[in-house]
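Here is what each chain is made of, one letter per residue.
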Amino acid sequence: MGGPQSGIMPGKEPRVAFASYETEGFYDEMIGPDGRPRPEAALLMEAIESLSTGDLRHRQRSAERAFLEMGITFNVYGDKQGAEKIFPFDLIPRILGASEWARIERGLKQRIHALNLFVGDVYGSMKVVSDGVVPEEIIRSAAAFRVPCIGMKPPKGVWCHITGTDLVRDVDGTLYVLEDNLRCPSGVSYVLENRQVMKQTFPQVFAGLDILPVDTYPSKLLETLETVAPPTRGKPKVVVLTPGPFNSAYFEHSFLAQQMGVDLVEGRDLVVFDDIVHMRTTNGFERVDVIYRRIDDDFLDPETFREDSLIGVPGLMRLYEAGRVTLVNAPGTGIADDKVLYAYVPRLIQYYLGEEAIIPNVPTFMCWEEEARTYVLDHLDQLVVKAANEAGGYGMLIGPHSSVEERANFADRILQNPRNYIAQPTLALSRVPSLFPEGIEGRHVDLRPYILYGDDIWVLPGGLTRVALRKGSLVVNSSQGGGSKDTWVVAASGPAQEQS
Amino acid sequence: MLSRAAEAIYWMSRYVERAESVARLIEVHLTLTLDQPAEERQWSPLIYISGDEVDFRRRYGHATESAVLHFLTFDLENPNSVLSCLRSARENGRSVREIISSEMWESINAQYLGVLDATRTTVDREDAHEFYKNIRMFGHLAEGLAAGSMSHGEGWHFSRLGRLIERADKTSRILDVKYFVLLPSPEHVGSPVDDIQWSAVLKSASAFEMYRKKYGRIFPARVVEFLLLDREFPRAVLSCMTRAAESLHAITGTPIGSFRNRAEQQMGRMRAELEYSDAKALIASGLHEYLDDLQGKLNAIDDDIFETFFARRPIVRS
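Residue numbers (the numbering used here), protein chains in the order written: chain A, 1 to 500; chain B, 1 to 318.
Hints in this document: simulated from the structure, not taken from any laboratory.
Beta carbons are placed, not taken as given, at the ideal position from N, Cα and C, and that holds for glycine.
Take these hints with a grain of salt, some might be off.
Chain A stretches covered by chain B per the calculated footprint, using a threshold of three residues with CB under 8 Å from any CB of chain B [as the list claims (entries may be wrong)]:
no.: 1; region: 58-72
no.: 2; region: 242-255
no.: 3; region: 328-339
Distance condition first, Cα-Cα at most 20 Å in a straight line; then the derived EDC-like pairs of lysine to aspartate or glutamate [stated by the list, open to error]:
no.: 4; chain 1: A; residue 1: Lys85; chain 2: B; residue 2: Asp117
no.: 5; chain 1: A; residue 1: Lys85; chain 2: B; residue 2: Glu91
no.: 6; chain 1: A; residue 1: Lys85; chain 2: B; residue 2: Asp303
no.: 7; chain 1: A; residue 1: Lys199; chain 2: B; residue 2: Glu91
One-sided excerpt, in silico: chain B residues whose CB lies under 8 Å from chain A [as the list claims (entries may be wrong)]:
no.: 8; residue: Ser3
no.: 9; residue: Arg94
no.: 10; residue: Ser95
no.: 11; residue: Glu106
no.: 12; residue: Asn109
no.: 13; residue: Ile218
no.: 14; residue: Arg222
no.: 15; residue: Ile251
no.: 16; residue: Phe309
Throw the hints in and build the complete structure from the sequences for me.
Here it is in structure tokens:
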């Protein structure tokens with residue numbers, strides 16, 4: 001069907017056809033191994049196939065214009081020209097079945113529960129060390145280990161209020177946890193805005209499917225922040241702390257403040273005196289109780305951490321320690337993002353909860369172990385090597401796509417500082433059909449669900465699907481040319497034949 | 001509200017209003033010059049109104065049509081060009097986008113991107129009218145969106161305050177420059193006037209139709225009265241200052257007629273002066289001097305607003 005001749009028939013534009021779409025041996029999130037759509041994706045595929053290529057591209061363009069006009073832009077560090085770019089968006093969503101999602105949700109709750117206990121233990125009694133689960137030197141040598149946090153006790157024992165865990169799917173369909181992000185995970189605003197744009201673009205598909213909503217996130221976030229406030233008279237005063245308009249995630253900071261109806265402050269708006277954190281208002285000083293800070297630990301308070309921080313608030317940590325103000329996430333949580341400690345997480349789940357990890361880790365070689373290091377150095381062309389303390393796709397070697405020089409460079413770095421490197425097999429990340437001028441092609445994706453921890457643990461249905469838009473690329477980071485897709489958690493039966 | 005946020009909203013509105021004023025001046029002038037012989041077409045008065053003649057002379061030299069249009073519209077080195085104003089409005093808006101409504105932010109962002117896009121193509125004389133009209137209408141859209149989509153609380157009052165002070169300043173400048181060119185001395189008040197030129201003055205302040213309804217034929221003293229002292233016309237200086245005072249007092253909670261800070265005091269004095277002035281006497285005693293003084297007072301009020309609300313105050317222990 002389709003083909004060039006349909007283009008010359010009056011009133012009939014060429015249709016988007018999946019007929020020539022190839023999964024090329026990868027796990028495809030939309031098309032099953034038999035070449036037919038997975039059950040929960042059938043209606044979406046029908047809708048896409050009913051559109052002409054021109055129509056689909058037109059919708060893609062209006063979606064992009066909508067993002068630009070909404071000012072949903074992203075700054076790429078180190079790119080002087082690109083002060084602002086829209087985060088590329090692909091119209092074709094990623095679909096997850098409800099039953100698989102239920103398992104993911106359980107797995108994430110389990111993992112966050114254990115990691116929160118771990119962080120509390122690290123800055124508390126260190127039982128995890130005395131019980132011989134994790135060597136002390138691994139914890140103490142982690143770049144994100146914060147000595148000033150030892151002995152601190154955040155309200156309700158919650159350290160990681162907001163997490164964005166990265167999941168990937170390998171060729172056999174297994175989902176793995178790739179990274180834990182317990183510091184300041186970004187991207188949730190794109191989840192909400194992508195959904196907004198998709199509802200305008202495919203209203204009929206939304207009407208026909210049972211897609212779990214994501215709009216509750218801001219309310220849940222506010223609830224979480226208020227829940228962990230220090231004891232106050234009346235309603236706690238919550239603010240979002242941003243480094244300022246030039247930060248790459250500024251859009252998200254202001255979006256979340258707006259959606260929650262709270263003030264967005266910069267460090268210079270806050271001042272500590274009389275054992276209270278105040279913000280400067282047109283009517284004098286006002287007390288602040290909870291700070292959702294989107295500033296790294298290092299810059300929070302020049303009196304405790306980096307002295308040269310211009311975006312922090314002097315004295316903040318003193319008040320936090322005294323329980324006069326709550327910081328979200330708690331300082332020190334970055335310890336759990338360390339890529340060497342990552343390898344221990346299945347053991348931590350076993351240790352703290354007595355359970356098997358529901359979502360497995362990617363098998364990981366720790367270069368500080370001699371045997372593993374020898375193997376890694378011998379197989380650099382097959383492995384992905386990561387620096388233990390870097391995020392955003394920086395400091396990473398993708399073996400199969402690397403040059404001889406790059407591999408030699410990483411071999412040197414590993415030998416000089418083995419503690420700082422881990423290696424993992426190169427996964428054949430799953431793909432999702434994506435729209436290009438030439439037609440529909442598969443592109444690799446990951447998934448970042450968002451987890452909130454207040455009185456209990458809550459997972460936002462779906463999350464951010466990041467897509468490597470460059471053909472063949474496995475790097476999905478927005479700072480490295482990745483884009484995003486909407487993520488739909490769909491009940492396979494559809495609303496018409498609802499089953500409980 | 002946060003001092004930093006209040007200041008950003010105040011300036012966002014001022015810059016939107018300034019972009020609109022510049023666009024309106026250019027639009028009126030483009031039409032006006034079509035009625036004049038080529039050798040009499042003057043573009044320099046537009047530069048005088050903006051107050052940036054030193055910078056213009058240094059970088060452009062002679063005030064040709066294309067030089068003036070570029071300087072006032074697209075020149076990012078001129079902080080008062082349409083594009084610079086929209087950029088400043090947008091940067092301020094971006095830093096308070098969680099406080100203003102999404103509609104306000106999106107309209108400012110889209111307007112900036114649209115004008116930025118136009119720098120890549122040249123604006124033809126045929127399209128120029130549409131182009132400047134679009135910017136002028138954007139000013140109204142921004143004001144309407146603020147009024148219709150934002151709670152009329154502190155943030156909105158700062159936005160209104162900024163807009164009205166900017167508007168009062170621009171109306172007084174238009175009158176100052178045009179009056180000086182058209183009527184060099186008070187003795188000419190009674191003589192036949194250039195109807196086209198005076199209509200252009202009124203149109204530069206969007207005041208032509210409303211003036212006609214109130215006074216009919218054009219007399220210089222009436223024009224001065226209408227643009228300075230009218231209580232109902234929304235671009236007249238007195239009308240602007242009356243509403244600016246409402247917002248200022250709504251922010252502080254001080255009853256109108258009394259004051260608790262210098263901004264309230266200065267604004268009250270200026271209103272009282274305008275309320276008890278009459279146009280003929282102002283002209284007789286020197287309109288230019290009067291307007292110069294008025295602009296100085298507006299700047300002083302702006303400084304007082306800064307000191308009262310935006311400046312980083314020292315810590316006062318409770």
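Evaluation of the provided hints:
1. 58-72: holds (count 4)
2. 242-255: holds (count 5)
3. 328-339: violated (count 0)
4. Lys85(A) <-> Asp117(B): holds (15 Å)
5. Lys85(A) <-> Glu91(B): Given pair Lys85(A), Glu91(B) holds - Cα atoms ~16 Å apart, limit 20 Å.
6. Lys85(A) <-> Asp303(B): Distance ~37 Å between Lys85(A) and Asp303(B) Cα, so the pair is violated.
7. Lys199(A) <-> Glu91(B): violated (29 Å)
8. Ser3: holds (5 Å)
9. Arg94: Hint on Arg94(B): holds, closest Cβ of chain A at ~5 Å, below 8 Å.
10. Ser95: holds (5 Å)
11. Glu106: holds (5 Å)
12. Asn109: holds (5 Å)
13. Ile218: With Cβ-Cβ at 43 Å, over 8 Å, it is violated.
14. Arg222: violated (40 Å)
15. Ile251: Given a least distance of 7 Å, the restraint on Ile251(B) holds.
16. Phe309: holds (4 Å)
Checked against the numbered hints listed earlier, the structure breaks hints 3, 6, 7, 13, 14; every other hint is satisfied.
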